[in-house]
Every structure is written in structure tokens, then in C-alpha cells.
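Take the sequences, apply the hints, and build the full model.
Here are the chains, one letter per residue:
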Amino acid sequence: MTPVVVADSLTKRYGRITAVEDLSFALQAGTITGFLGPNGAGKTTTLRMLLGLAAPTSGRSLLFDRPYAQLDRPALRVGAVLEATDFHPGRSGRNHLLTLSRAVRLPDARVDEALRLVELEEAAGRRVKGYSLGMRQRLGLAAALLGDPELLVLDEPANGLDPEGVRWLRDFLRAFAAEGRTVFVSSHVLAEVAQTVDQVLIINRGCLVVESSLDELTARLGGGVRVRTPKAAELEQALAAAGIESAAAGDGTLFVRGTTSERVGEVAFTAGVPLHELTAESSSLEEVFLELTSEKQ
Amino acid sequence: MGARTRAELLKIRSTRTTFGLVVGMVLLVLLFVLLTGLLEHASGLEEKSNQHDYLAIGTLAALFAALAGVLVVTSEYRFGTIRPTFLFTPRRSRVVEAKLAASLIAGLVFAAVAEGLAFGIGYVILSGRGIPIALNGGDVALLVLGTLGSCAVWGAIGVGLGTILRNQVGSVIGLLAWSLLVENLLFGLVPSVGRYTPGRATDAVTGSSSDHLLSPAVGGVVLVAWAAALAAGGLTLTARRDVD
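Residue numbers (my numbering), protein chains in the order written: chain A, 1 to 297; chain B, 298 to 541.
Keep in mind that the hints were calculated from the coordinates and are not lab data.
Remember, predicted model here, so these are calculated numbers, not experimental data.
Glycine residues also receive a C-beta, built at the ideal position from the N, C-alpha and C atoms.
A portion of the hints provided could be inaccurate.
Stated by the list, open to error - Ranges of calculated distance between the beta carbons of each label pair, as one might list FRET restraints:
{"#": "1", "chain 1": "A", "residue 1": "116", "chain 2": "B", "residue 2": "421", "range": "48 to 58 Å"}
{"#": "2", "chain 1": "B", "residue 1": "514", "chain 2": "A", "residue 2": "65", "range": "49 to 59 Å"}
{"#": "3", "chain 1": "A", "residue 1": "207", "chain 2": "B", "residue 2": "320", "range": "46 to 56 Å"}
{"#": "4", "chain 1": "A", "residue 1": "65", "chain 2": "B", "residue 2": "442", "range": "44 to 54 Å"}
{"#": "5", "chain 1": "A", "residue 1": "276", "chain 2": "B", "residue 2": "539", "range": "48 to 58 Å"}
{"#": "6", "chain 1": "A", "residue 1": "15", "chain 2": "B", "residue 2": "391", "range": "22 to 32 Å"}
{"#": "7", "chain 1": "B", "residue 1": "538", "chain 2": "A", "residue 2": "29", "range": "28 to 38 Å"}
{"#": "8", "chain 1": "A", "residue 1": "15", "chain 2": "B", "residue 2": "474", "range": "29 to 39 Å"}
{"#": "9", "chain 1": "A", "residue 1": "132", "chain 2": "B", "residue 2": "337", "range": "50 to 60 Å"}
{"#": "10", "chain 1": "B", "residue 1": "320", "chain 2": "A", "residue 2": "148", "range": "33 to 43 Å"}
{"#": "11", "chain 1": "A", "residue 1": "113", "chain 2": "B", "residue 2": "310", "range": "21 to 31 Å"}
{"#": "12", "chain 1": "A", "residue 1": "174", "chain 2": "B", "residue 2": "474", "range": "49 to 59 Å"}
{"#": "13", "chain 1": "A", "residue 1": "132", "chain 2": "B", "residue 2": "424", "range": "53 to 63 Å"}
{"#": "14", "chain 1": "A", "residue 1": "178", "chain 2": "B", "residue 2": "324", "range": "54 to 64 Å"}
What the hints assert, rightly or not - Anything over 12 Å on all C-beta distances counts as not near chain B; from chain A, calculated:
{"#": "15", "residue": "21"}
{"#": "16", "residue": "24"}
{"#": "17", "residue": "59"}
{"#": "18", "residue": "116"}
{"#": "19", "residue": "133"}
{"#": "20", "residue": "174"}
{"#": "21", "residue": "177"}
{"#": "22", "residue": "188"}
{"#": "23", "residue": "195"}
{"#": "24", "residue": "205"}
{"#": "25", "residue": "213"}
{"#": "26", "residue": "240"}
{"#": "27", "residue": "242"}
{"#": "28", "residue": "250"}
{"#": "29", "residue": "252"}
Laid out in C-alpha cells, this is it:
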């Protein structure tokens, strides 16, 4: 099956700064993909290139086999929200949607349907300046849903949502994907999307670090050793000298991969580093994420 | 009318900003028409050139039409709605074209309101004071049509300027400084150059007989050339620049 989204060696440079470097991936229909990375990793820049708002320095991206700008009435195939705040504060939510729907000749009834989908009918006549952040998020989503698209692209949609809002969004996206449609959702917090997504793309400093299913990610990087010491920096050095990679997780805690607790204990002993804790454990996703996107990468 | 143009007109209508511009314009027109009409000596208003400029006060709609045009573009960048706008219409030139068309229409409406008030009230005041109308039918036709046409073009000038600069405050200040200050200085100091500015070209289009102005036809061509140049610049830049 042809992928819904293809990024092919996407690269974006701003002067000497490389925001995205040689990024390639493909998304299949019916999947929910989390696009993860710390703030400044290049997620938004990537999404802007996919959606034709920014031109790549090199490489290209295709949505439904075409560059976004060459899609015929793209709003009917792709719904996207890049910022939760893209509204004129003095315009009502309903009028905001009408300015978009009418431009692409969608019937006004679609506006009311979209408002119903995001449960924003009551506030639709009010000016956006009175909306809470959660309501703005949902209005943005309503705009993306106007054309009844097959693909949703959302940049940090959980930002500013309360736990109930996050749960609502999760249920909504799952129902959306259950209809065979595709979701591509970015976040800098893995926990926000861990219960929603089937697979993850993790980028750091503009480069793809991991592309895998959530299960694979957990399995592949499952084991590790947690070690706590008052001399974390020294232990880190000693481990590095022994060819063992570790990631600082704060509070004097290191997370060590690809070795055993015995080996870590020996290295610590040789280096004269006192240990307060030495635990072999299967890591949580959050720790995996932290390690993959830590400064050492 | 195209769907995108209608969507742009909805953007113009659906915030209070436009309403505020119209109210400001109406108040300013009333102020000038009443003050001049009631305080100016009859001998002054009997003179044809003065009478023309009095009845042409509605041309100050041009500045408001241009402001509306500037806002049609820059408020999208200011509030970020440019992103959904371009997502729905990724061929950005079509968005700019729709904004140009909508602003031409808005400029026409602004001019109709302003010139309707200025000419209507001015005519009543002149008649009431027993001042004979010195303008013939051709003068009046040129005055009214010139005002409508030039204000529509000013809407497009505003869109062009806003599209090039994108920054709302900068565009508004630039527009005001240019029309209220630079044009007048230039025309006062070097009329042979200043008469080619959009503002003085507008005066020419309405048939003003002030010294040094271009002929109405040449003024019209110059004014449209300004709008076309700004629009072309805006279209080129909009196609090339990334949207943040």
C-alpha cells in the first residue's frame, strides 16, 4: 500500500543552523504516529515542510503521492493544526470556520458538523477572545476536520489541555484512526501520546533517532540498569572509559544501557565511586525517551 | 465572485475592526464637510476649484480603504490565521488575489459611503447657503467615479503594502506617514515628482484643478501602476517566503 505521508531526505537550514537534517520516513494509512522529540528538535519545522508552509532546503515530502501544495483541494484530504492560537480574537468561532470552509466551497453545514464533533456548539457564536485554551485547541481541531480529511496532522495538540481534555483527545484520535484514517501527532512529552499512538518517530537535533512501533521500542530498549550515586559525573566518565553509555536522569541517577548490573558495579568499584542504588530494571518509556533525546545523542 | 473572495469579504465583515474604520471615516467626513461648509466664506466656496475639492472630501475614504487592505493581510500574520488560510489554499497567489479583489470591493463601499455623505451633505449646505453649483455634469461624474475608482485601487495598495511588510504596526505607520507626511512634503517641495505619488494621482483622477497635478487619465494610470507594482511585489514575496 502506498504510504499516506512520505518524507524523503528532508533538510532545512536557516543560515548555518540546521533545523532538520536528512529526515526520511513513511506513514501508512490507519496508523497513529507520535512524532516525538524535545523542544527545538525540529518537529514543527518538519510539519511546516510537509504542509507546504516552509520550503525544504533539500529533499521533498509527499502527502497522498503529491507535494501538499499540488493536492487538489487539500483541506478535503489533510486536516492540520500547527498552533492552538491561530484565531482572530475578535471573530466568533463559527465565523472563523466559515472563512475557511467557504474559501474551498464546503457547505456551511460542515461548519456545524465540525463544531458538534469537537463539542463546541454552544460557544460557536462567541468571540474567540473569551475561549479557554482547551476551547481554542478544539476550535483548531474543528477547522482541521472541516473537509472530513483522511489524514490529521497535529502539532502539540495536548499542550494546555487538562487531564480530561487529554483523555477526550485520545479517544477522539483513536476513533478517527479506527475508521482507517491516519494521524500524525507531535509532542515533546511521550507520556501524553504513549497511550494513543501505534508507532513513534523520535527526532533529536533535526535527525531521526528512532522509527518503530511502540511495542518494539519498549522491547528493544527494555532492559537497563539504574544506578544512583553522589558522584554521578565520575561514574559516567568511568563507564564511558569502559565503553558503556549512560544517561543522567538527575538527582545523581544514571541510566545505563547494554550491560549488566554486575558490570556497572565493578566499574564503580574500580573507579572508587560509592553507589547508593544499583537496580536492574526494564525501563519505562519515559526513560527510553529521555535517553534517546539526551544531550549525548 | 470567487469563493475565496467571498471568504475574504467575510473576514473583513466578521471583526469589529472594519466597523471601527467605517465609523472613524464617517466622523472625519462629517467633521470636514460641516466645518468647511458652514464656516468657509461663501466667496471661497463659489470658486469652482475650491468647490470641487470641498465636494471631493469623500476621497479621504482612500486612506481608510488602504488601512482596511493592510489589515486584511497583516492581521492574518499577526494572529496566525495565515497558517490555516494557506493550509486551505496552498497556492498562495490565489489567497493574495482574493484579498486584492475583496479589498477593491471594500474600497468601493468605503468610497460610496464617504462620497455619498460628503457630496450629499455638501450639496445641501451649498444650496442652503444659496451658493451656485459651479461644477457641470461632467465634473460631477468625474468626481464621483474618480473617487469610487481610486478608493477601490487604494484598497489594493493596502493589500500590496501589507503583503510585502507583513508587520501590522509597521504597515499602518508606514501608510499613514507616507500619505499624510511624505506625499505632502514631496508635492510641496518638488511638485514635478510629488504629483506622481498615489495621493496626488488620486486628486488628479477626481478632476481636481489644483496646480501641478497630472491629468485625470494619466493620474488614473499612475495610481493603478502603484497598486500593480505593490501587488506584484507582494505576490512574488508571498510565494517565496516561508510562513512561520
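How the hints compare with the structure:
Distance hint check: the CB atoms of residue 116(A) and residue 421(B) are about 53 Å apart, consistent with the given range 48 to 58 Å. At about 53 Å, the CB distance of residue 514(B) to residue 65(A) agrees with the hint of 49 to 59 Å. Roughly 55 Å separates the CB atoms of residue 207(A) and residue 320(B), a value that falls within the hinted 46 to 56 Å. Look at residue 65(A) against residue 442(B): about 51 Å separates their beta carbons, and that is inside 44 to 54 Å.
Separated by about 50 Å at the C-beta atoms, residue 276(A) and residue 539(B) satisfy the suggested range of 48 to 58 Å. Separated by about 31 Å at the C-beta atoms, residue 15(A) and residue 391(B) satisfy the suggested range of 22 to 32 Å. Evaluation of the 28 to 38 Å hint for residue 538(B) and residue 29(A) yields a pass: the beta carbon distance comes to about 33 Å. Restraint check, residue 15(A) to residue 474(B): a C-beta distance of roughly 32 Å satisfies the suggested window 29 to 39 Å.
The hinted range of 50 to 60 Å is satisfied by residue 132(A) and residue 337(B), whose Cβ atoms lie roughly 56 Å apart. For residue 320(B) and residue 148(A), the Cβ-Cβ distance of about 40 Å falls inside the hinted range of 33 to 43 Å, so the restraint holds. With their beta carbons about 23 Å apart, residue 113(A) and residue 310(B) fall inside the hinted range of 21 to 31 Å. Against the hinted window of 49 to 59 Å, the Cβ-Cβ separation of residue 174(A) and residue 474(B) comes to about 55 Å, which satisfies the hint.
Distance hint for residue 132(A) and residue 424(B): a CB-CB separation of about 58 Å, consistent with the stated range 53 to 63 Å. Residue 178(A) and residue 324(B) have their C-beta atoms about 58 Å apart, which keeps the hinted 54 to 64 Å range intact. Non-interface call for residue 21(A) relative to chain B: holds, since the shortest CB-CB distance, roughly 17 Å, exceeds 12 Å. Against chain B, the non-interface label of residue 24(A) holds: every CB pair exceeds 12 Å, the least being about 21 Å.
Every CB of chain B is more than 12 Å from the CB of residue 59(A) (nearest about 15 Å), matching its label as outside the interface. Against the 12 Å criterion, residue 116(A) stays outside the reach of chain B, whose nearest CB is about 19 Å from its own CB. Here residue 133(A) stays apart from chain B, with its beta-carbon at least about 14 Å from theirs, past the 12 Å limit. Chain B leaves residue 174(A) outside its interface by the beta-carbon criterion, the shortest separation being 24 Å against a cut-off of 12 Å.
No Cβ of chain B comes within 12 Å of the Cβ of residue 177(A); the nearest lies about 21 Å off, and the non-interface call holds. At the 12 Å boundary, the C-beta of residue 188(A) stays outside the reach of chain B, the nearest C-beta of that chain being 19 Å off. Every CB of chain B is more than 12 Å from the CB of residue 195(A) (nearest about 28 Å), matching its label as outside the interface. Every Cβ of chain B is farther than 12 Å from the Cβ of residue 205(A); the closest lies at roughly 20 Å, confirming the non-interface assignment.
Residue-level check passed: residue 213(A) sits 29 Å from the nearest beta carbon of chain B, beyond 12 Å. No Cβ of chain B approaches the Cβ of residue 240(A) within 12 Å, the least distance being about 40 Å, so the stated non-interface status holds. Taking the minimum C-beta to C-beta distance to chain B, about 46 Å, the non-interface status of residue 242(A) holds against the 12 Å cut. With a closest Cβ-Cβ approach of about 33 Å to chain B, residue 250(A) is found to remain outside the 12 Å limit, as its non-interface label requires.
Residue placement check: residue 252(A) keeps its beta carbon more than 12 Å from all beta carbons of chain B (closest about 40 Å).
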